[in-house]
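Participant: Now for the letters of each chain:
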Amino acid sequence: MKPIDLSLFGAKGAIVEAAEGKWGMAIDQDLCTGCQACVVACAMENNVPFVGEIDAGYGRSMHWIRIERFWEGEYPEIRMTPYRPMLCQQCGNAPCEPVCPAYATVHSQSERINLQVYNRCVGTRYCANNCPYQVRSFNWRDYTDERVNDAIATLKNQYNPDVTVRRRGVMEKCTFCIQRIHRAQDRAKAEGREVQDGEFAPACAQACPADAIVFGRIDDLRSRVSRLIRQKHGVHYLEELGTQPRVTYLVGGAS
Amino acid sequence: MSNTISRRDFLKLAGLGAATSAVLTGCGPAAKYVTRQPYFDMPEYTYHGESTYYATTCRECAAGCGLIVRTFQGRAIKVEGNPAHPVNRGKTCARGQATLQGLYNPDRIPGPIRQGRAGALSRQVMTWDEALDILAKLFQNTPADQMAFLLGPAPDHLYDLVVELAAHLGGPAPIRFGALSLFEGRTTLIQAAQELFGQAALPFFDLASADLVFSFGANFLETWISPVSYTRGLSTMRKGRDGRRGILVQFEARMSQTASVADEWIPIRLGSEGLVIAALARLVAEVQGRPADSFQEVTPDEAATAADIPPEMLYHLADRLATAARPLVLVGGSALAHRNGLQVAKAALALNALLGNVGREGGVFLSPPAPDGAPHSRLASVQEMAAFVQRLASGTVKTLFIHGVNPLFELPASLGLAEALKNVETIVSFATFPDETALQADYIFPDHHGLESFGYQRVMAGAKEAALSGLQPVVSPFHDTRATVDLLLAALAQAGRPLPYSDEFAFIQSKIRPLMTLAGGSFTAPEEHTFMALFQQHGGWWTLNDMRQQPSSPRGRIAVAMAAPEDGEFYLLPFVSPVLGEAGANKPWLQETPDPTTTVMWNTWVEINPKTAKKLGIKNDEVVRLIGPAGAIEVPVYVYPAIRPDTLAVPFGQGHTAYGRFAAGRGANPINLLLPILNEAGDLAFADVKVRLEKTGRKYSLSRLESRIGVYGEGLEEAH
Ligand code: SF4
Ligand code: SF4
Ligand code: SF4
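Heads up: the protein sequence lines correspond to chains A and B, in order.
Residues 31 to 285 in my numbering are what the first sequence lists, from first letter to last.
Residues 458 to 1177 in my numbering are what the second sequence lists, from first letter to last.
By construction, these hints were calculated from the structure, which means they are not laboratory data.
Certain hints may be false.
Per the computed footprint, the stretches of chain B lying under chain A, defined by three or more beta-carbons under 8 angstroms from a beta-carbon of chain A, are [unchecked claim]:
#1 677 to 688
#2 727 to 739
#3 1039 to 1052
#4 1059 to 1066
From a predicted model like this one, the values you see are computed outputs, not experimental measurements.
Beta carbons are placed, not taken as given, at the ideal position from N, Cα and C, and that holds for glycine.
All chains should be modelled from the sequences, with the hints used to inform the complete structure.
Facilitator: This is the structure we're talking about:
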C-alpha cells in the first residue's frame, strides 16, 4: 500500500483547499420514469428510517428525495406532468439557513452545499417551515432505536458507517451524499490527483436506470453536468425567490 | 498464508477499475473453499475503514441484473449495479436497492424447522443433521415418480441441479413458476414467436434504436420481463438519435407508470387490443400499398368502436406508424391476458413484420440463447400449474419440494392449491421467509439469502449478449441456513444415490467449465480455478457480441376478435405493484416507497375514475367490496383521474396472511378474484374478468405522499 501523506489530512486548511468545488446536479425530467430507484437508493445509503403506515399517512415519512407529479386536465384529456425528483436544491442563498437559532443548518465553505449539523439541531423546525421546496424531514420519533422499533435490531446491520444515525427531534435532508464526495476527494488526494468527472456519483444518480440524474462539478465547464445545465431547456424551480438552486431540471426533452 | 490465497482475497473487487486488474495479475489459482468467519473474528480482508465490494446477481426478480455489493466489516452496506453487466449496466430498480432489507429482515427463518403445517411459524427447531436424515429418508422411500419439485422463476444452478436429480432418480422434471410471468404474458409471447417464426424464444424489443413505439399493455418500465434494461432502452430512445427524440405511445385502459411516462396515452377498452393492432396493420398495409391478407376481416371503424376511441385517431396513428423511420410495436401484460391473447401477440409481431422491422435495429429480435447453448427452459404457464395442482390433488405426489416461490400467494386461490396440498404426504420448503406456502410445509429447511449464496443464473432476456450471471456470497450467512444445493447433494449421498458432485461449488464449477473453451467472451483464463475466480469477480460471463437471434419470416394466419369478458359491472385490471413487485411486501422501505402514479404507501387500493366514483357516490378512502367470479376483496378507494370509467384497477403485491410483520395482514390480493380462465397459450386471461362493486360503509385512510388532506378527513371531495 502506498504511504499516505498525513499532512494532507492533518491540516484542516489542506482539506478545504483540496475540496474546493462547486457541486451540482442536472435532472432530466424527460428521462425520469418515476421508478423510485433513486428514492430507495438514497434511503439505503443514508440510513434514512421508515416510519410505518400511520406516521407516513400523517406526512412524517423521511424521504430525502421524492418523485412529484401533477395532473392536468380531466379524463380522457388527462395528462400527468413529467415526474420531478425533488430533493434539497442546495440553495446558494438558502432560506432554511438564517432562521435556525442553533446554527445547525449552515453553508459549507468547501463543497458550497447546505449542511445539517445533527448534534446542533434542537428541533425548532423553522428551517423546514422556511424551505420553499419542502424537502426537509423531521424525526418525530426514535425510528432508529430498537427499543422503539424492534425490527431495527437486525436491519441496522445494513447501516452505512459513513453516515450518522439520527435520533428523535432532529431535522435531516439530502446532503448530496457528502460522504461520497469526501471519499472520492480523499482517495484522489491520496493518489495525488484531481477527482475525475464521473468518478463517483451520489446514491440516487448511481442507481437511476434512466440515467436522468447527473452529478458533478459545475465550476468545471467540461464536466458532464456543466454541459447539460448549459442546455437551453434547463430550469431552476422557484428561482424567483432568489434561492439560487444548485439543481437544474431539464424539461422538454431532446430536439 | 503464502501459497493459499483465500478466495476472498482474490475476489476482492473493490469496485475500482484499475485496482481490479491489479488484484488479478500475479495471482495463482484461487481457492474454492471459503472460510466464513463470525464477526468477532474479523476476516483478514477487512481493513479498518475500507469497504470490500463483491459482484453478484440480484435475486429480487428473474431479470438477473448484476450487482456490486459494498460490504464493510462483514456486513452488506449498499447494493449498487454492476457497470459491466450486460443486463443493467450499473443500474438497479427500487427492488434491487432494497434487497438488503431482505437479507437483514427480522422475520427470516433462522434455521431448519419442523413446521408441521402449523398456521404460524413453528418453534420446533431442528439440527441440520436431523434435516439431512429426513431428506435422505424421503429420497429413499418416495418412488421417484411420486416426487415433485416446484421452483422459483429464475433459471439458476439449483434448477439445473434439480433437473439432473430428477433424471437421476427417474422422476418428473421440476416446474418453475412466478407470479410475474403470469402478469407478463411470457408464455404467450414465446408461443406466439413459436407459431409465427417457428422459434420458441422470448421476443426482444429493441427500444433503444426505435423512433416510434406503440406499446400495448406491456409495463416495461415497472416489472415487465427486464425493467432496468427496458428503462435504459427508453432513455436511449429519448435522448434521441441524430437529434431526433423517439416517441412512446402507450395503449392501456389505465394510465400505468409506463403510460404516465409515455408521450401519449390512449385509453382503449380492455379486450380491444387485438382489434386495434389488426386495424393498424390493415391501415399500414394500405398506406404502403401492400396486401395484408391476415387482417382483411377487421374494419378500422369497428375496431375504433370496440376500443372506444374516435376512428380518425386510429387512421392518424396508422399514418404515423407507416411513415416512421424505425417504428416498433410492443405487446405484453394485460393485452395478452384475454382468451384470444395468443392472437393478440401474433398480430403485434405480424404488424412488426409488416413494418419491416423484424430482425432490424430498433425492431423485434429474439432473445439470445443461453451462453452454454442450453435451451431456455420455459416457466410453467397457469395451465401447466393447474395441471400440477390437479396432480397434487389426486394424491399421486407423495413428496413435494418447494423453493423460491410462494404459490399460495402467487396463484389464484380458485386453482384449489390449498386443498390440493392436503393430499400431499410430505411438503418440504426451502423458503427464506415464513411465507404462506412455507407455513403449510411439514419442514422448512431454509436456503441462504441470495446475497449469501453461490450460484449462477442464465439471463433469459434484456441483454443483447448471451450471459450467465454469477452469484457469490457477499457476507457470511446471517442465520443457521444451508444452501439447498448442498443439502440435496448431501441427502442424495446419504440415501445411497449420490450425484457426482462433492458439493455445491463443485457442481457450479462443472457447469461453468464448458465456458472456458468458448471464444468471444468477456474474459478468458488459462486454467479452471482462475476462470472460476474471474467468473465471480466479474459477476458472470457473457459474450461481447450481440447474440440476439434473427426471427425467420413470419407465417401462419391470425384471426383476432374482441375479447369477450365475463359478465359483471366493471372491467378489472389487476397490475403488479411497480414498487413491490410480487415479493417486496416484506421490506419496510419498499412499503414506504410511494407508488409512482398514486403515491400510496403501505397498502392496496382500487383505482376508480372520478366520474364513476361520483355516479356511485363513492369518495376517496371509502372501503369497497369488489366481487369477482371467484371471490371478493375489500379495498379502500383511490379516485384516479387517469383510468377508463368502465375499468377498476387493483395492484398485486399485498394481501399477505404471512410473510413477516411488514407484509402480513396488510392490503388485499386481487389474484383471488380471478377464475382460471386461460388464453390459447395457457396463460391466465386475467383481464377478461369483470367485477361488481359494493359499498361497505367503512373508511380507511390510505397513506399517500401526495396529499395529507385525506388523512385528516378534509376536503377531498372538493379536490376531485
Ligand atoms: S432546498 Fe430547502 S433545505 Fe435545501 S438548501 Fe434550499 S431551502 Fe435549504
Ligand atoms: S431513479 Fe431516475 S428514473 Fe427513477 S425516479 Fe429516480 S430520477 Fe426518475
Ligand atoms: S429488475 Fe429485477 S433483477 Fe434487476 S434490479 Fe430490479 S429486481 Fe433486481
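Participant: The structure should be examined with respect to each hint, and the outcome stated for every one.
Facilitator: Evaluation of the provided hints:
{"no.": "1", "hint": "677 to 688", "verdict": "holds (count 5)"}
{"no.": "2", "hint": "727 to 739", "verdict": "violated (count 0)"}
{"no.": "3", "hint": "1039 to 1052", "verdict": "holds (count 7)"}
{"no.": "4", "hint": "1059 to 1066", "verdict": "holds (count 3)"}
Of the numbered hints given earlier, the model fails hint 2 alone.
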